[in-house]
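Respectively, the protein sequence lines represent chains S and A.
Quick note: the first sequence uses the UniProt record's numbering, first residue 1, plus one each step.
Quick note: the second sequence uses the UniProt record's numbering, first residue 1, plus one each step.
In short, the hints are calculated from the structure, not lab data.
Note that the coordinates shown come from a computational prediction; the quantities given were computed from them, not determined experimentally.
The beta-carbon is built from N, C-alpha and C at its ideal position, and this holds for glycine as well.
Here are a few chain S residues that face chain A, going by a calculated C-beta distance under 10 Å: (1) Arg245; (2) Ala251; (3) Gly253; (4) Asp254; (5) Ala255; (6) Gly261.
If you want a taste of the chain S side facing chain A, the calculated C-beta under 10 Å gives, among others: (7) Gln111; (8) Asp248; (9) Ala249; (10) Ser256; (11) Thr258; (12) Ala259; (13) Ser260; (14) Val264; (15) Leu302; (16) Ser307.
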Amino acid sequence: MDSTVSPTKASGRAPLPAPAGRRGPSRASRVALVTVVLVVAVVVVAVLSASVGQFDATPRQVVSSFGRGLFHSLDGQRSQVDTVLWNIRFPRVALGLVAGAALAVAGAVMQGVFANPLAEPSIIGVNSGASVGATLVIVTGAAVDTPWLLPAAAFASALLVTLVVWALAQGGGKAAVLTLVLTGIAVNAITASATSFLIFLGDTSAREEVIFWQLGSLADASWSGVVWMSAVFAAGFAGCMAIRRRLDALALGDASATASGVNVERLRIVAILLACLLTGAAVAFGGVIAFVGLIVPHAIRLLVGPSHRHLVPLSALGGAVLLEAADIAARTVIPFADMPIGIFTALAGGPVFLLLLRRTLRGHGVGAR
Amino acid sequence: MTTGLTLAAVSVSRGHRTIVDDASVSFEAGTVTSVIGPNGAGKSTLLGIAAGTVRPTSGTARLGGHDLRRLSVKHAARRRAVMPQDATVAFAFTVREVVAMGRIPWRDLKSDVDRVVSDALATTGLTHLQDREVTTLSGGERQLTAFARVVAQATPVTEESVILLDEPTAAMDIAHAEATLALVRALARRGAAVGLVLHDIDAAAAYADRVVLLQHGRVRASGPVPEVCASATLSDVYGTPIEVFDRDGRLHVGPVRRDPVCTGS
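Only chain A is shown next, with the shape it has when bound in the complex (with noise of 0.2 Å):
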């Protein structure tokens, strides 16, 4: 197989806690795979090994059938574009200068910087705020600049492709986090394989072909959406009653709110 990512067999120690334990996961080109879990269960670790920013202790990371570790990180950075959780910066850029630093891997390829910085303005509704300063954004506009620059480093979207998103909509409202997750969707179905942390399971089930479960580090499942999002697991490893229920056709995954006041919204 040489497009998407697989993690095989990862794992990752700081002193004696292992964050990361004998992990294997493929993001496959074409599809949306969420990884999702409790607090600590080591998912944003995971994606980090993934992004190349997090060394594994053992196991392989491979990026399109090459390892990693033997990938310059140029060339890495023209298959695979990253948004970390924290999209803070630290100089006053404008919106559109930072998601032209999207194009940085692309520098020495004839590639019209311009246009596609525009495009992904355009795409991300971003246009209107190009000339603010990211620095006197809402936390929910940063994540978006950020979001549009990932989308710029990812242009042309092909099957080789892969974009890792590490809870992409946590600072946005329903709007933009529903807008922003409809547009990962569209970027799948142009052949991108897509890792995307959420911590929203009803999002993960709505909008991922596949989702990662982990817990305390593990594996406990991966699979397709309704195989992972059983009831009986998810109560399990969250320690709290999670109900699914199939709604048009569709999973929804919730809290189990016994107490009528907190039904409502």
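Pulled out of the complex, with its shape left as it was, chain S reads as follows (with noise of 0.2 Å):
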């Protein structure tokens, strides 16, 4: 074999064969139009979802008394149409756009932690896992007298079921992308059942919260929630803002990361806690949302790369935008209803994870890589 190739020297080997590429050096290019467009979107939903609803209100009237009640008091002047947009749309608004980034930067981190499109974290249980605790203190009765009992259990759960996924999905080798769905699964399983048993343990009442609390909807909005989810969300999306260069490493593999200087134990362990700490704020204030944090990330990622660093901040800013958009279906679809917000994003969150399943299965799963 080797005796009748002459040896070939450095300079005289062939090209490869040229890039068949479909993207141009306009990454970079794409970051600011993306940025452009969404920050408008995220405005013009926040409008639109102000003004829609059983009490109409123009686009014009949302914005005149959000004016005015950021500048002056509104005390004397109030209109009905302040009322109701003071006291009902606007904290719906507001948790609506922040539990949205949050999940959408949860979804983001999360995927970046496994170096796995599909870690969305309804898929692996995380969810679901802080319905657990959310449910125990709503049935219990302990959230009437402590508020923050409610976020602080959903963390605290949502944290253990991400530990036990990440535990039973290490080692998967070449079959990594299943072994995280099937535990997925599993762990869904576990926990729903765990929920079913808290459910029937509770009274009728309590029963009724869980149920609407486990479908997704911003209808119970306060400007209490608002203000407790907007500290958690500031505080989580600093920290993965904080970390997000290093998560890029990740993509390499643990080896090659460890060797290209990042501290991969360390850095997987923040990330998880502070993907816990958005999710479970997320889900404590609105509901079981699934698939907000499948959807953004990935569509963010076909428009801008895969690069963290502007994945986390852009993922913020669509996931607040599609959030928004489903709570303004869910309120609109059927007249003089509000439906559960969470119907919207699984409707579309659905077909997306089949997809990226599909694609993946194909890249680098039970086939040849």
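Mind docking these for me? Both chains are given alone in their own frames, and the hints should help you get the complex.
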């Protein structure tokens, strides 16, 4: 073999085939464009969301009332429109924006940690894990006196479930994708049965609260909820922004990431804590809203590439837009009815997940790599 | 000695199996050391200990005189760049983005990332592929990308640099494999200590200064190429007749092929 081939010099090698890439050098300019589009979209869906519902307000009224409430006091000149907007709509819009951002950022970080685009919190059982803790708090009535107990319990049980999934899905090698999804099915089944048992133990009012909450809805939004949610989001988001550039290295695999100077164990634990904090808070205030963390980062990756430097902040904007749009749909598809928002995100997310699953398995799953 | 990387009497066991057994190997500055041996001899595990990704059950690994266990991941990464056998990347990063990941350990120092990355792409001949997504590349191109990332991480190459490569050319065609190994030699000329796991004994004999021959996790022989690459030793370790011959002052190693149909290519 070798003896028949003349020694090849370094300079004598053939060039590799010409690139057939579908992407020019434009990733940087796309980031700017996508950022502008998403910021505009956030404002548009927020105004639209505040103006639709059982009591119609024009977008002009929304903007005017928002401006007056923000810069002057509304005392004394409060109209009926102002009352509806400031007591019901605005907190709901704010909660939707922040919860959507939290879910999408958690999804982006979780996928980075698992180096797997399918690692959506609801698939691997984080959401249903959070709901076990939250249900426990609701059923025992502990949340009535101490309002922070609900998000704390949701966070703690989300964390527990994520750590279990992480431990079980380790060492999957080539079958890592399947392992993750199958582990998620098992974990979801276990947490669902735990939640069902707790519902069984609860009284009627607790049951109603849990069921409403499991479907996901922003209808219960209050300013105190918005303040809590925003505080947790601010902390979690700041943490994710701080670690985001190191997350890129995990795509190389643990060994290469370590050799590139990234403390993989520590980064992974910090990232999982942050993702659970964000998911737990969103679940505590908005109920189980699935797939936002799958759809949004996937779409952003298609637009600007997988680099977490842009993926994390843009996912926050995209998540806010998606959840707010879903909430508009929840309030308008059936007139005079407030549908659970989780129906819409799952309706959009299910097909996206199937598509991604097919592509990932074809790419490097059970088949040849 | 404060340069290079040394493994002193390292062993790795998993369960009842001993994968690496009391192996002592040193990768010295300015030298290409090739680790060879049959499948399952423990080559990748040995390199993994040197790379800091496999913790030895006993024995110590020292990078430039420092015990690896006491060295922070970041500081180790500034001295030592590693190319693993598996060059897959989980997301659709571009070739340029992947190569730029080699600069992660240098981020808090002022360094011209763009220039270093461009240089690494140019020397590996990847400039025309820099905006392609790695997930769309062939196996050989992906390996070349991983190699370019290692080159970027090892910049600037000094006598303290250590570069570890686990079968860097396994998926490459012969032209790219030769060019890559020539680049590896150039890195050693600039002072780096290079550790190279290879399946191709002939390539090891041609490009390495020293060879470490592993068998069942033990160092069977180690030293300059002519000492280790002896027909009798290799034939015994690999369990198949292997011939070694000198042509134009260079050792050539290959299997003895009795069936004449197989001798052509």
